[in-house]
Structures are given as structure tokens and as C-alpha cells.
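J.: Read off the chains here:
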Amino acid sequence: MAVTTIEPFVRNAWYVAAWPEELEKGLLARTIMNEPIVLYRDANGKVGALEDRCCHRGAPLTHGKVVQEGLQCGYHGLIYDTNGECVVIPGQKNVPREARVKSYPIVERQGFIWIWMGDAALADTAKLVDFPIHDMPEKFPHRKAMFHMKCNYMLMIDNLMDLTHLGYVHTKTIGGNPATHVAADMDITPTPTGVHFIRWMLDCIPPPTYQKGANFKGRVDRWQEFEYVAPASVLQWSGALDIGKGAQANRDQDGFHLRLYHGATPETENTFFYFWSTANGYRQDDPQATEDMYNEIYPTFLEDKEIMEVQHARVILNPERALVPIRADGALTLARRALRRMYDDEQAQLGQAAE
Amino acid sequence: MAVTTIEPFVRNAWYVAAWPEELEKGLLARTIMNEPIVLYRDANGKVGALEDRCCHRGAPLTHGKVVQEGLQCGYHGLIYDTNGECVVIPGQKNVPREARVKSYPIVERQGFIWIWMGDAALADTAKLVDFPIHDMPEKFPHRKAMFHMKCNYMLMIDNLMDLTHLGYVHTKTIGGNPATHVAADMDITPTPTGVHFIRWMLDCIPPPTYQKGANFKGRVDRWQEFEYVAPASVLQWSGALDIGKGAQANRDQDGFHLRLYHGATPETENTFFYFWSTANGYRQDDPQATEDMYNEIYPTFLEDKEIMEVQHARVILNPERALVPIRADGALTLARRALRRMYDDEQAQLGQAAE
Amino acid sequence: MAVTTIEPFVRNAWYVAAWPEELEKGLLARTIMNEPIVLYRDANGKVGALEDRCCHRGAPLTHGKVVQEGLQCGYHGLIYDTNGECVVIPGQKNVPREARVKSYPIVERQGFIWIWMGDAALADTAKLVDFPIHDMPEKFPHRKAMFHMKCNYMLMIDNLMDLTHLGYVHTKTIGGNPATHVAADMDITPTPTGVHFIRWMLDCIPPPTYQKGANFKGRVDRWQEFEYVAPASVLQWSGALDIGKGAQANRDQDGFHLRLYHGATPETENTFFYFWSTANGYRQDDPQATEDMYNEIYPTFLEDKEIMEVQHARVILNPERALVPIRADGALTLARRALRRMYDDEQAQLGQAAE
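Chains as they are written, first to last, in my numbering: chain A, -8 to 346; chain B, -8 to 346; chain C, -8 to 346.
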């Protein structure tokens, strides 16, 4: 199967628009799938996502401000509610029907602000990715981050689906011996919404971070689990339990648990926002442990950022050009297939609607 | 009427090419309507405007210098007169007829250097905007400025034609209460060359700047007058006289008089040069008063620059997209109509010439 | 004859890819004729030039490193030999035939690394430019440099073919009196591979640099010799001998000898790499003399860089637009003809191959 690098956008899906924390500083200008959007919290605390262009003279609403009645344009004072309807035009009583801007479905849940980029009538909250970790601050204290990436968002999914890169990209950080990563047997399974893989290392010596993190005294059963949920999320659970606890039957016991969320929201074909969080599931009462893990992961992800960006610069020269698949591409290929299937379903649905 | 944002250039018209003061430092490179031009004063003090590209090997003439015979190219020494004719080619006696560059009609008058971007045969000085203020240093001491703007030039005309923006854009400077500006009744009149509007505030308390400026003791009759002269000039006269002087019958009496010139010269569709001047018509013997007014206006116009530039970034994404007119757009709409009429006349003339 | 400014690339020819010294710091990323290339020295010291894009996922090989088996991609560890064949894919035993990248013929000779950008089957070392100076460190101690130029590479050839620019461009450095350069009689001769010109100044006072350089006591016979070898090299020999030594019959005697190599390697249509070297053929035992000459020439060539770059900015606005030839363009015109002939021959050959 040909693995292309640049896929068309899937629009009928939820994407992370922002971390809620990003709205604390005021209006947020964010372009998603080439559409300039203003994200904000109105006077009642409700999150709004409007087209960032006033219907009157085209000024960006991000240069305005939140007032009691809604979001006020900073040029001539028109005010919009979170549905995008103009509710005030200074100097006139009647607001014509056409005075409105596009609004986007928004859901704030589990520490995410999700946005729906396609047909609003299809925006089904049942399709939201489920990641309850952010809502469990006692069991999973966490840190969030966002990187602006100069590459196509699917290069991040590729990156996470093929961990053999660890030994080459992360030589300065978590890399370790390349052979270990290459030799590791992954149990790869397609899912209805993407692909899942897990790798078990039974009865082994825990690495220093794990040992220090969970205060292991002896040998452990370790795992690395990744789930891609199309189009743009990867849920990661890395961990270890003392041997004898039956980790493979039940991982949800005291031990070392690192839970990560990875989200890729396309800004353009050539850029995206990388939202990630890392949760400390081992020394929950120690804020420094959460901080230390964040500080360990941060430079590692910057290494990924660098290689993905230079990779993108090459593939974009001729995105149609063939790539040569190798044995390590198993999960990557399934992930790309899941995305393509989602896209094809969307197109089929559009076709039916047009009939 | 649909109000589009990006209009085609009117070429058969005078535009401000430069302030004369700008030529004091030597050759001036300035692109107007996408044409690179060198502006300079020759050895006899005459202003020249030539295509900024030597006919020999294409080097920009702005890298040359003025010599006795004319403007000398800095690459191989060819010399041009202000008509664009090559008068010297080093190393050869005969200068072929094709050795010439395009020259532009130039008029230096009333403290402006005007350039004609269209058919030179039609360059009629009777069509120059009349603004004698710069020639009256005793009655109107003034200061000049030029901003390089990253937006279409007509956004500046729009801006000046709708003063309701004052309360939103200029909150940090001259804004005041938005409601005042929105409620103000403008007397708007189309003119043969554009649009004129004036707003009278009779028998009112003068604002602090006016009070201090003209030393008013009591109430005044105030006015704000703007005239758009297509394609690219706006003449402003703001002022006040003591009540009882009959301001509406005769404004030309001692009092507070602020005269501004606003000129927009397109560099490209997406950029322009904003030439403006502000004249002190109230404390003419006090240079500091002229300076103070300039320093008060300068940051205000930077606020306009910012909002216009971000507005442009939005409208340029799809210049054909509809805008929603509001009640405050009266003068703006007439100004756009005047420009469009001028453009249509020019096209009709071109059509006749082609018949 | 119309002298156009932007010529199509001649591909079946050797170009300077790099100075050997540039490879000492590791992998070198260099785009030539729009093709991203990685230049490197493998574990055996052999120079490789490969397409800078791994066949697996498109990552640039310049982000990898040299290992014993070859050049290793920095993303997933694939290794290539200098022929571009993949010799190692981590995690699998068989390497499929399609796992390879394009390689370019490379010759390291006479202190140059030459690359062939066309059909590898035609890469004939007999077509290499002969410049033995770099291999004669005792007779010609030298310094090398490389400038990244923001203009079409042929503007550099033009520049060197018309020395009348010296009096206008180099007024701050070596310019001297423009009239001298313009009046100089050049003996211009077409050659099978380009054009040659020489200018003799017999029985004259040597300029200060020459006097100091070769310790002349009296008058000298001087010459300036330039040879353009299409597509992209210019060999320069400037010098002087004491009068009476018969310089015109035999220049190869003790005196003042300055040998320069100028090479232009297109990066894109709008940029190139300017490789130049200057050899001290007069005070060979004095390293400071070599250094002094280099330091004298360096700022002069920066002056050329500046004028060529602004020239390019103009001509690229409309590369098809006519230029007006002048008398001083003799050698330039012959050089352009030689390049065009080379290009036409290449096209004819391609046509035959296609029949």
C-alpha cells in the first residue's frame, strides 16, 4: 500500500482547539485548517469560537474585547454572541439578519477545549476522545504544553507509531541502545477508530526514572502502550508494576504510571499545534515529581519537533513521491489507513447528502 | 451597493510621491503601483522620477549618484537626464535611441512632490489637489510625516470617512466616549471629485486641547470637516471659534484651527505610503504648540495603522467576500463610489482611445 | 543578439560543490539547481554526494551521521553507501532494491570538490576545468572563500567579463579612475569552451600593491587576463614583470602574479554559491602577504555582491525584458553565447537520445 505523507483534512471530527489555561490571558487568535478563529470566554464563562473577521469591515475580532453583551469588535464596536450573531451595532436599532459571523461547535471537557471543524449538525459529543486523566488531579497530577510545529500534523502520528526512532533521534535524551527499540516486539491491533499497540517487558530491571519514581526494590513487569484515535489523538500509558502483581491481568495497581496525551491540530497543511500533557501516576503527593517528568519529556519532544520539521521540508517538495516502507512501519501504516478510512467515510457522506 | 475592499488602481491621477524633505538625503527608492522608481533632485535642483532600472544591465539607479550631467548608474556609469534619456555611455560616443528609461511626470507644488502614474499626455496640473496650507508657514506652521502601511490604501480612506471608530480604536488616545461619536450628525455631501462632510457642535464647551490651544475663555462653536478628493487625498479642518462670531457663516477668523492633509499612495495592492501633515492654526508663533499637536496625533495614527493592517490581513484572504454595510458607512460608501466612478471613466477613456 | 539575463541551467557539466575544507566540520547540506544534496566524507575518506532525503520517510540525511557502514539517517537509522544504496535497515535482514537514494558523480581534484548535475553516464573527468594553482602551495600559497549570493549565477560572469564596472562599483576599494578602465583595450577571443581576454599595460608605473608585493624598483609590463570556461568558471591572472624581461613572450618569470579562481554554482535560479580563491604568486614565503591580498579582495567582492543582488532584484521582475547592449559588453556577449551554445548542444543530445 502506498503511504502518502500529506493527507486531506478530516473535518467532521473534534480537535483540541486550546488548553483552557490558554484563555486566561484573554482573546486567543488561532488558525485551524486555514480558518482564522477567535477563541474566548464570554462574560458568563462560556467558551466561544468565532470566525476571526467582523462581518462589517473585516477587522479581526481578536483585536476587540469581551463586554457584557458579548465579543465587541475593536474597530466600530459591533458585538457578537457565542453563536456568532451580531447583537449590537452602534448607531442603529435594527440588526440585519446577515450581520453574523461563523461560529464553531465547542465542548469544554476533561481539561480540553474541543472544536468541531465540519458540519455543525454532525457535531456529536459521543465522538469526543475520552481521556479522563486531567479530571483526576489527585491520582494524576499533570502538566500541559503546546508546541507550534512547522510540519504536517500526520508526521507526529507517524512519529509516535514507530518507536524505533528513539535510538536515533533521542540519543541525547531518552534514546538508549537503538537495537533495544528495534528488536522490541509490538502487539499491534487495528481498532474501530485507529490502532493500538502495546509492548511488554516482563521480569526486567526498571530503568532509573522508574526506579526513582515508584521506589521499586526489585524486578518489574513493564509496558508501553499507545493508542491512536483518528484523526489526531494518541493516548500513551507507560508503566511498570512489581513482578508477581499480575500486571498483564490488571495494570491498575500501585506502581509506576505515566499517562500522556498527544493531540495534533492542523493549522495549515504545513503547520500544526502539538498539545501534550504528562501525568504523574506514581508520586502524586510530590509536585516536584510531576515537574521533573515534564522537564525530562520537554527536550525529548523538541528533538522530535526538529526532525519532523526538517522531514516536512523535504517531503513537501514533492508530497506525491513514493516512500519505501520498512518492517518497523506496521502501526504507522494502520494509523494512516484509519485516517484515510475516516476521510473516505466523510466524503461518502458528503456524496449522499448531495444526492 | 456592494462595497468591495480592494479596488483597481486609478492611474491617470496625481499621487504624492514624496515629501520634498525626503529628497534631501539623496536618491530615494520608492515603489508606486508596483513600479520601482528612483526619485531625486538633479544638479539644477529639478526633481526627477525615473524607472529604477538601468536600460543597460538592469541595475537599480538608486545605487548610483547624481552627477553634473544627470543621474549616473552605479554599475557601468550610464547617465540619464530627468526625461529618462541616456546622455552618457562611458566608452562610446553615440548613444542609441533605445538607451532610455521611463520617466514620470512630476510636479513640485505646495510642499508636495506629485507624481502621475498613467498616460503622461494626460498629466494635467489642473487636476492637482489644492492644499495651500504648506505654503503659509506664518499662518499655518506645520509638521509632516510618512508611515509605510501594510494594507490596501483605500482602508485609510474608509477609516477617515467613518469617525465612529474613534471610540473603539483610540481608547488610549483621543477616543473619549464612543456614544458621542456614534450619535454625531454628519452633513454628508457628494462632490464632483469625492465626498465632503462636516459636523457642527454649536455653543459647547471646548475640549482641553482646544481651550489650551486658542486660549478660549467661554463656550465655542466647533466643527469637524473632511473632504475626500479621489483617488487618494483627504483634507481635514477641525476647529472652533468663540460663540457669537458667526462661525457657520465665516470660519476664517481667529480661533482654533487644525488643518491636516492625509494622502495615500499605493505601493502595491497590499501596502501604501501614508503621507500626512498637521498644521497649527492657533498659536502660530509657538513652535512648541506645533510640535505638541504632532506628538499628540502621531500615536493616534499608529493606532489606525495597527487596526487597518490586521483588517487588511483578513480581507485579503478573500477580497470578493461580502461585507455588511451599517448606518455609519454613509460617507465611506460615497467615497468608494467616487473612486469607482473615476476608475470607470478612465477605463471608458482607454476604450475610446483603443477604438 | 538579444542578451537575456536568466539562462536555463546546463546540467551536463562539472560545478564546484564545495571546498574540501567545508567537509571538515561534518555533513554539509547544499542545494544545487534546486536539488537538496548532502555532501560528506565517509569513514574511508571518500566524498559522497547523495540526495538529501531518506527513501523511507523523507527525512534529510544531513540530520544523520557518518558511521562505519556509510551515512546513517538520523530518524530510523537506515544506512547508505556513497552510491546511494541502502546497506542497512534496522530490524530487517533484507534490503529491498528500491531502498536507495540518488547519488551524484563527484571528483575531488586540485583543491576542488566537483559535482556533475546531469546524466551520470556522461560525467567525463576530461571536462573538468584545469586550475593546478591550488596544488602548488609553494609557488602559489592561497586562501579560499565562499559567498552565498542572492542573484542568478550568470550575473557574476557578466560582472567579470566587463571590467568597466571597476570605476563605479569599487570607488571605495580598488576603483581608481573610471576613465582608465573604460579606455583600456581588451584583446577578446572566443575559445571552444568560453571566452578569453587580456589587457596589456606596457612600460608603466606599477600600482602600490604590485610595487609592495614584488618589490619593483622601476617600470613594469602589466597584464590582466580572464578566461571564462562555460558554464561557471572564470580563471584570472593579473600580474607584472620588470620591463625588459619580455613579459608578452613569457609571463612565467619572477615578478608579481596574482591568480584567482571564480566559480559560480547555482543553488536556484535566484541564488548561487560564489567560490573564489586568491593565490599569492610573488611573496610565497610570507603568509601575511597571502592574508593581506585576501583581506584586500574580500571587501571588493562584497561590493560586487551588493550590486549584483540589487540588479537581480530588478531583472527578475521581468527577465524577458530587453536590455540595451553597449560597447563594453564584448566579452560578456561572447560568454553568454558560449553558455547558450553549451545548453543548445545539451538539448540536441537529449533530443537524439530520445529518438
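It is worth saying that the hints were derived from the structure and are not from the lab.
Among the clues, some could well be false.
Since copy identity is lost for identical chains, a pair holds within one copy or between any two.
Taking lysine-lysine pairs in the DSSO-like style, the calculated list, with each CA pair at most 30 angstroms apart, reads [as the list claims (entries may be wrong)]: (1) K93 / K296; (2) K118 / K130; (3) K16 / K296; (4) K56 / K163; (5) K163 / K84; (6) K56 / K16; (7) K118 / K236; (8) K93 / K141; (9) K163 / K37; (10) K141 / K16; (11) K16 / K130; (12) K16 / K163; (13) K141 / K208; (14) K163 / K141.
Just so you know, these numbers come straight off a predicted model, no measurement behind them.
J.: Classify it for me, K163 with K84: is the Cα-Cα distance of at most 30 angstroms met within a copy, between copies, both or neither?
T.: This pair counts as between: shortest inter-copy Cα distance 27 angstroms, intra-copy 64 angstroms.
J.: Is it within, between, both, or neither for K93 and K141, if the alpha carbons may be no more than 30 angstroms apart?
T.: both (27 angstroms within a copy, 26 angstroms between copies)
J.: For K118 vs K236, is the C-alpha pair at or below 30 angstroms within one copy, between two copies, both, or neither?
T.: neither (35 angstroms within a copy, 74 angstroms between copies)
J.: Give the relationship of K163 and K141 under a CA distance limit of 30 angstroms: within one copy only, between copies only, both, or neither.
T.: within (22 angstroms within a copy, 36 angstroms between copies)
J.: Treating 30 angstroms as the Cα threshold, decide for K56 and K163: within, between, both or neither.
T.: Result: close only across copies, 14 angstroms inter versus 45 angstroms intra.
J.: I want to check one pair: K56 and K16. Are their C-alpha atoms no more than 30 angstroms apart within a copy, between two copies, both, or neither?
T.: within (12 angstroms within a copy, 44 angstroms between copies)
J.: Within, between, both or neither: how does the pair K16, K296 come out at a Cα-Cα threshold of 30 angstroms?
T.: Both. Shortest intra-copy (26 angstroms) and inter-copy (24 angstroms) distances satisfy the 30 angstroms Cα cut-off.
J.: Within, between, both or neither: how does the pair K16, K130 come out at a Cα-Cα threshold of 30 angstroms?
T.: within (28 angstroms within a copy, 50 angstroms between copies)
J.: Checking K163 and K37: alpha-carbon separation at most 30 angstroms within a copy, between copies, both or neither?
T.: Classified as between; 28 angstroms across copies, 44 angstroms inside a copy.
J.: At most 30 angstroms between CA atoms: does that hold for K141 and K16 within a copy, between copies, both, or neither?
T.: both (24 angstroms within a copy, 27 angstroms between copies)
J.: Is it within, between, both or neither when you check K118 against K130 at 30 angstroms Cα-Cα?
T.: Close inside one copy (25 angstroms), not across copies (73 angstroms); limit 30 angstroms.
J.: Check K93 against K296 for me: Cα-Cα at most 30 angstroms, and say if that holds within a copy, between copies, both or neither.
T.: between (33 angstroms within a copy, 26 angstroms between copies)
In summary, the numbered hints that this structure violates are 7, 13.
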